Amino acid sequence: METVIFITTAIVAVGAALGMVLSSNAVHSALFLILNFCAVAVMYLLLRAPFMAAVQVTVYAGAIMVLFLFVIMLLGAEKADLGSEPIGWQKPVGVLLGAVLLAEGIYVAYKGIKLVDAPITAALGIGQPTTLSAVLFSKYLLPFEVISILLLVAIVGTVVLTRRTVKLKEAE
Amino acid sequence: MLKTEELQVNIGPQHPSTHGVFRMLVTVDGETLVDLKPVFGYLHRNHEQLGEVNSYLQNMPFTDRLDYFNSMVNNHAYARAVEQLAGIEVPERAQYIRVIMDELSRILNHASALGFLLGDMGAWQTSLLWGLREREKILDLFEYVSGARMMCNYSRFGGVARDIDDYFISEVKKLMQGLPRYFDEFERLLVENEILLVRAKGVGVLPKELALSYSVTGPLLRGSGVPYDVRKAEPYAVYDRFDFDIPVGTVGDVYDRFLVRVEEMRQSYRILEQALQQMPEAEGGHINPKVKQQSLKPPVGESYARVESPKGELGFYLVSDGSGSAYRYKVRAPSFINLSALADMCKGYKIADVVVILGSIDIVMGEVDR
Amino acid sequence: MTYWPVIAVDAWIGLVLVSIIKVTLILVGGSLGMMFLTWYERRAIAYMQDRRGPNRVGPQGLLQPVSEAIKTMTKEDITPLDADRVVHFLAPVVMLGATVLAFAVIPWGNLFPSSLRVGVLFIFAVTGLHTVGMLMAGWGSNNKFALLGGMRGVAQMVSYEIPLLMALLPIILLSGSLSLTDIVTRQGDWYGFGWYVFSPVGLTAFITFFIAALAEGERTPFDIPEADSEIVAGYLTEYGGMKFAVFYLSNYMTNLALCFIMASLFLGGGNGPGVTALGTVLGGLLSLVYFFIKALALFFLMVLIRGTVPRLRVDQLMGFAWKFLLPIVLVNVFSTAIWVAITRWGPQAQIFTDWFGEPASDNYLRYGVAIVVTLIINLLAVYAVMRINRRQPSDLTEEEIALGLAG
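Going line by line, the protein sequences match chains B, P and W. Quick note on this note's numbering: the first sequence kicks off at 1 and runs consecutively. Quick note on this note's numbering: the second sequence kicks off at 1001 and runs consecutively. Quick note on this note's numbering: the third sequence kicks off at 2001 and runs consecutively.
No lab work stands behind these hints: they were computed from the structure. From a predicted model like this one, the values you see are computed outputs, not experimental measurements. Treat the hints with care, since some could be wrong.
Claimed, not checked - Ranges of calculated distance between the beta carbons of each label pair, as one might list FRET restraints:
(1) P/Leu-1050 - W/Leu-2304: 46 to 52 Å
(2) B/Leu-161 - W/Arg-2056: 57 to 63 Å
(3) B/Leu-75 - W/Arg-2056: 46 to 52 Å
(4) W/Ile-2351 - B/Thr-3: 55 to 61 Å
(5) W/Ile-2351 - B/Ile-5: 51 to 57 Å
(6) B/Thr-3 - W/Gly-2357: 54 to 60 Å
(7) W/Glu-2358 - B/Ile-11: 30 to 36 Å
(8) B/Leu-18 - W/Val-2340: 47 to 53 Å
(9) W/Val-2028 - B/Gln-90: 48 to 54 Å
Stated by the list, open to error - Taking lysine to any residue pairs in the SDA-like style, the calculated list, with each CA pair at most 20 Å apart, reads:
(10) W/Lys-2323 - B/Thr-162
(11) P/Lys-1201 - W/Met-2386
(12) W/Lys-2323 - B/Thr-158
(13) W/Lys-2144 - P/Lys-1201
(14) P/Lys-1137 - W/Met-2386
(15) P/Lys-1292 - P/Ser-1055
(16) P/Lys-1350 - W/Gln-2316
Ideal placement from N, C-alpha and C gives every residue a C-beta, glycine not left out.
Start from the sequences and build out the full structure, keeping to the hints where you can.
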């Protein structure tokens, strides 16, 4: 049963990822990415980490990608302009990095297949919201707070930036 | 800074809240309105040309179709223009009957207009049906007296088509018993509803000077704070005998127009009360029997008669060459002229406000595209 | 390959069968429930408007939705010429899928408890995908009204999801669980009346959640994504026939799910007097009845609001979410923490034990103090927020800019 689900989701995830990279329409790419995230969320469920799955869907598919889509649609930038590449060396570097990543993946799959063996029981606890929050609020309290402050700064920065443009507009 | 695209949207001609076949070519930046161009003419049916072909009496039912909410007022205005042209005397009783019909019509129009306005704000039909509730009763009365609910064709030159009887008067009195409570309810709908207040206050402001320069009339003008009402400015029929006030707004926003309309309904109620009281002493029948209705041939000349229709100043201009039909026939339609101020009222507000502002002007396309 | 658990073939066929039956039940029940709700809403609104409403097809017009379903199914399926065919087709599917998934974890009374331990989060994760469907419909239709509607919908959903989830936090704090079943069971004491809504924090959470749920379910006064008097039908403009019906179905099922969730979280789900006394089966049935009564009462409240209130404008809507709901909800989380501390903390805070005695469910002094303290905090918060918002009347555009709505 789980094997069947795993194989289906894996195929969907890989297919969605390919579709995301290959489609020329930005909206389609974003939609494929959402599909990919959902497939990954199902994999989290298979790993008995429902909390992670829920967070994955809420944060990535539900919030971030929706904002992506929103911006794409708002700016009407869905059609990618393939003719002019603003940064010339982007493509070869991309191919190189992709090749490195692929090699890495093959190496890990070939060499370290035992990596998967151990954690499946140990990882059971990590997915639970209680263990997660216990760790977050004791061991990693400082990083957690630092991140919150960082996010707050980002929000304040956004507000300040947009505010200035509004005032400029009024002055014109 | 990224620049977002400006979007051109056609609101209408098939759109739920354009009050008929009316199109607004709207340019929006996000949700904010940058430009608005009203486009109309979809309902044009050669009304004024027809008026020059028809005989004078034949044209009376055509005026019903102008502002089909208030055919009584249209008939009255047209009859007055012809009476002025031909120098016809109107008996007092007929004048009173016309005033009663006009004021009933005003209540009817304002009630449904406010209902539609709230509907435009998104109140799901409830307000609309509330407005139509009293309208139904008044329409029943119209049907009793004229034979038709909306296309009344009631006025004749020198009077009205049929006399009203005691039953009609008792029914009007019965209707009027419930009206004050109804007005209060309508006003409470606005004053006590927070959402309505934020939607209406400060929206669609029409400054006094702008309103005057656009020659806007009716509740729209009075909402902007100009106490102009034909019933007071140039009292026609027997309006000089009644005691009533002209409600005016202060800011000129949707909220003021709403309040002005509610208050006008109250004033109409006052006029009705006085008219019903004074009418039994009025002299003459319901019509001047000496007038030849069918073959009326007014002497050469011209006339302009205006009345205060619920939507504003409704005027008829007639030129006679002595034949059986008018040489020139022109309608000053209040909806049309009020509508011309729409673009200036809407700029800078949101799309959602545009429909509310349009609703607050209270237009009828039958009158805009004649 | 031993790390993949091996399940015997017959066992998983049984599992598949059970899942299929469950899914069918949810789908059939959901669509029947939606049909009933449309009838219920129309009759209720008709009653408010001095009309009769649909009363011709079947007894009291109950079969009206059936006739309408037949009508929509037999209609021509139209796709606009310049629309993105695939996206246009998939949008209703995504919408419905997101809604149906939420039903998976709703406990129907005490009879069918759901087992997912993060059920609450799961629901909001999958319903969050609604926005994707909305954007797909808005963009895929290649229509300006649809695009405007989709944009509005997303802006609304994204901003109201925050108060919605924040309003949940107090309940999670009170119950100490993310599972809907656990949350319901924990409201079972006090003769079945231990509902969270009866505490000041729970009440505040309930009201704020209800308002945010109205926005999530696109009900008046927050139905601006499909505001028919402004942008025709929003993202639904280019949809007709069965595709439109699917949107409609998903909309009503979302509302139904939200009502169920509110009934479970705040109104004790299937809890009520007599449920525990009557045993598993009878008590379970009774709990199902209680559950449906509560959910329908909530839906009636939604209908009542729809029949009376006009719609907010987009900027006012955003302002309401960010300037009004969010602060109140945040303060409510704080006062819930205080509530928990006062009612439950024994050894952690010796001072409370000295003052009010040991924490126990019959220690009424502790509950009384907690009620007074949290009530004062919440009322102060509401008062302060109202005062602050009164000062600047209609200038609510900053939020929009923060959301990227204005240029």
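Evaluated hints:
no. : hint                                : in the structure
1   : P/Leu-1050 - W/Leu-2304: 46 to 52 Å : holds (50 Å)
2   : B/Leu-161 - W/Arg-2056: 57 to 63 Å  : holds (59 Å)
3   : B/Leu-75 - W/Arg-2056: 46 to 52 Å   : holds (50 Å)
4   : W/Ile-2351 - B/Thr-3: 55 to 61 Å    : holds (57 Å)
5   : W/Ile-2351 - B/Ile-5: 51 to 57 Å    : holds (53 Å)
6   : B/Thr-3 - W/Gly-2357: 54 to 60 Å    : holds (57 Å)
7   : W/Glu-2358 - B/Ile-11: 30 to 36 Å   : violated (58 Å)
8   : B/Leu-18 - W/Val-2340: 47 to 53 Å   : holds (49 Å)
9   : W/Val-2028 - B/Gln-90: 48 to 54 Å   : holds (53 Å)
10  : W/Lys-2323 - B/Thr-162              : holds (18 Å)
11  : P/Lys-1201 - W/Met-2386             : holds (18 Å)
12  : W/Lys-2323 - B/Thr-158              : holds (17 Å)
13  : W/Lys-2144 - P/Lys-1201             : violated (29 Å)
14  : P/Lys-1137 - W/Met-2386             : violated (43 Å)
15  : P/Lys-1292 - P/Ser-1055             : holds (12 Å)
16  : P/Lys-1350 - W/Gln-2316             : holds (11 Å)
Of the numbered hints stated above, those contradicted by the structure are hints 7, 13, 14, listed in ascending order.
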